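Undergrad: Here is what each chain is made of, one letter per residue.
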Amino acid sequence: MITLSDVCLDLPTFSLKHIDLSIPTNDFFAVLGPTGSGKSLLLEAIMGLMPITSGTISIGDKDINALSPERRNMGIVYQDFALFPHMTVKQNILYGVRYHDLSPSSVSKRFDLLVDQMNLSHLLARYPGTLSGGEKQRTALARALILDPGILLLDEPLSALDPMLQDDLKHLLKSLHQEFSTTFVMVSHNFSDVLFLASNGAIIKDGTIEQTGTIKELFEQPNSPFTARFTGMKNIYTLPAASPALAAMVQNNGNRPRAEHGHMALRPEEILTDNRGARDTCCAMEGVVTRLISRGFFYDVVIQMDTVELTAQWTRHDVLVKQIQPGRRIPFFVPFSSIHTF
Amino acid sequence: MKSRPACQDHCRGLSRSKIKLLLKLPSYARGSEYFWFFSILLSIPLVLLIILPLGRMITTPEIADLIFTIKEKTVQEALGRSLFTALMATLMAILFGTPLAYILARKSFKGKNIIEGLVDLPIMIPHPVIGIAILSLFGRNTLPGKLLAMFNVEIMGSLTGIVMVLTFVGAPFYVNTVKSGFENIPVRLENASRSLGAGMGATFFRVTFPMVWRHMILGAVMCTARAISEFGAVVIVAYHPMTAPVLIYERFTAYGLKYSQCVAFWLIIISLLLFITLRLLSRERRDR
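Read top to bottom, the protein sequences are chains A and B. With the working numbering, letter number 105 in the first sequence gets 105, and the count goes up by one each step, no holes. With the working numbering, letter number 178 in the second sequence gets 178, and the count goes up by one each step, no holes.
It cannot be assumed that every hint is accurate.
Heads up, incomplete: computed chain B residues facing chain A, CB under 10 Å, no partners named [said to hold, decoys possible]:
1. M92
2. L95
3. P99
4. A105
5. K107
6. S108
7. G157
8. S158
9. N191
10. A192
11. S193
12. L196
13. G199
14. M200
15. T203
16. P210
Everything labelled a hint here was simulated from the structure, so no lab data went into it. Being a predicted model, the structure only gives us computed values, none of them experimental. All residues carry an ideal CB built from backbone N, CA and C; glycine is no exception.
Model the full structure from these sequences, guided by the hints.
TA: Written out as structure tokens, the structure is:
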């Protein structure tokens, strides 16, 4: 278990404020936040590359504040891979071996395993400058994993890759996590990557942790408009609802908001064009389509419902079949379970 | 009367074939052609200003005079002394300038701008002033001078003094070049190295140094070049033993242009050979 207790880090232009986090051993943990929120800085603080101003970072019962980065038994894989340009792929992978108490046979076994798994065997003599983004990322992962680190820190590992490679790497990361007994801590600004990979996570904003929990909790029970927006909700309204339609929706919902709840939110992809096959009782609503925004395979359909606008995300097929066009009044359905209040 | 196309006015002074070529080009391409043409035109005077006097000086002396000059013991000693002291100064700059450049590139601290300004200072102040400043600190009647004398170290009129002066004038070129080299290396590479278990020292020698050594060579070339050509500061601290620039000056004042040109020729040739060798050594491999 990695524990961060009241960790603060002050830089001239930015600070991490009172970070409390618990990352279970062998977990795939994600730190999510927009650009400039401090997530990479948090990773460097855990690694020991940025000295913290106050608080404690510990692994199990052991306080590691005083340990230098090279003695923390952690690996880090950067967004830009940080491969040593003057070394071949093989030299890069084996770079750290001499600093660890590893037997040559175990290194050789692990090297062969990683090279095979990462499909690097034909690249070993090449220099990083001649590799593609995916190849660089696989080399960086092999370089970190060959040392059998207790914790692997991943700094936006997918963001420098094109979408097809991102998919491959996501699957690779997942299988590596399952195969090696290592805690993965990944920072990302992309919630869909995290949904696929991580089991627990934290949302960070302006150097402060906004919410922690399982990824399912973050996705389904956001505790603030920021978290809601960050996890993909688009329809966020303040409570008590000013719109009669929204008020009716909240009233009919079995899971009524508590007194302290100040917001309600609806996920655009959970709004249905019809209630057949819905897994839950639905609120039947009606509104006028004001805009259709094409997103390729699906549309964002903006609907005016009395005094508020609401965005639904429907497939291209649904939009064409149901002849959904701007100006048309259409029925739609909101399952009770999709009405989130916080 | 038939008016000339507007472009022809712009193209006056260009050759006929060039005008034809330009008229065929689309307007945006013509603009780019003009830009390069005038850039080259404006560069020529500066190149000539460097080439013509040096070329004249190298080609004027007769071969017999050159051979006679290089056989002179005084000339050989002066050239050797210049080379030796310049290389020693460069060694000092490497030894003490590399850590300074690394600190300036990697750390932010109060007073950093002042330190950077101080490093640049020798480039800006007149060089005889540097000689006077060093003598006023390490002269025979000063406390530091007396302290050094206790260890038989003399600054005035000695090789030590010359090396000190040359380090003073050459080091800024080394420090600034190497600092920009360090700045070009992403800190993340060093962080990645440390995450893999290497300490600061191992990281420097295995990651940073292999990426910065070309800048170090370039800085060393610039430092040596500055040091080997130094006259103003050296002449104040040590007229004797004579370095090549001081000998050239002495020959010029005592015997005239012709005698100084022969020594200057050999100084230029030795410097050129040294710098070409260093540049060749630091050429980048193209397979990376």
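Undergrad: Hints first: check each against the structure and report whether it holds.
TA: Hint-by-hint comparison with the structure:
| no. | hint | in the structure |
| --- | --- | --- |
| 1 | M92 | 27 Å, violated |
| 2 | L95 | 23 Å, violated |
| 3 | P99 | 20 Å, violated |
| 4 | A105 | 17 Å, violated |
| 5 | K107 | 13 Å, violated |
| 6 | S108 | 8 Å, holds |
| 7 | G157 | 46 Å, violated |
| 8 | S158 | 42 Å, violated |
| 9 | N191 | 5 Å, holds |
| 10 | A192 | 4 Å, holds |
| 11 | S193 | 7 Å, holds |
| 12 | L196 | 3 Å, holds |
| 13 | G199 | 6 Å, holds |
| 14 | M200 | 8 Å, holds |
| 15 | T203 | 9 Å, holds |
| 16 | P210 | 5 Å, holds |
Hints 1, 2, 3, 4, 5, 7 and 8 from the earlier list are contradicted by this structure; the remaining hints agree with it.
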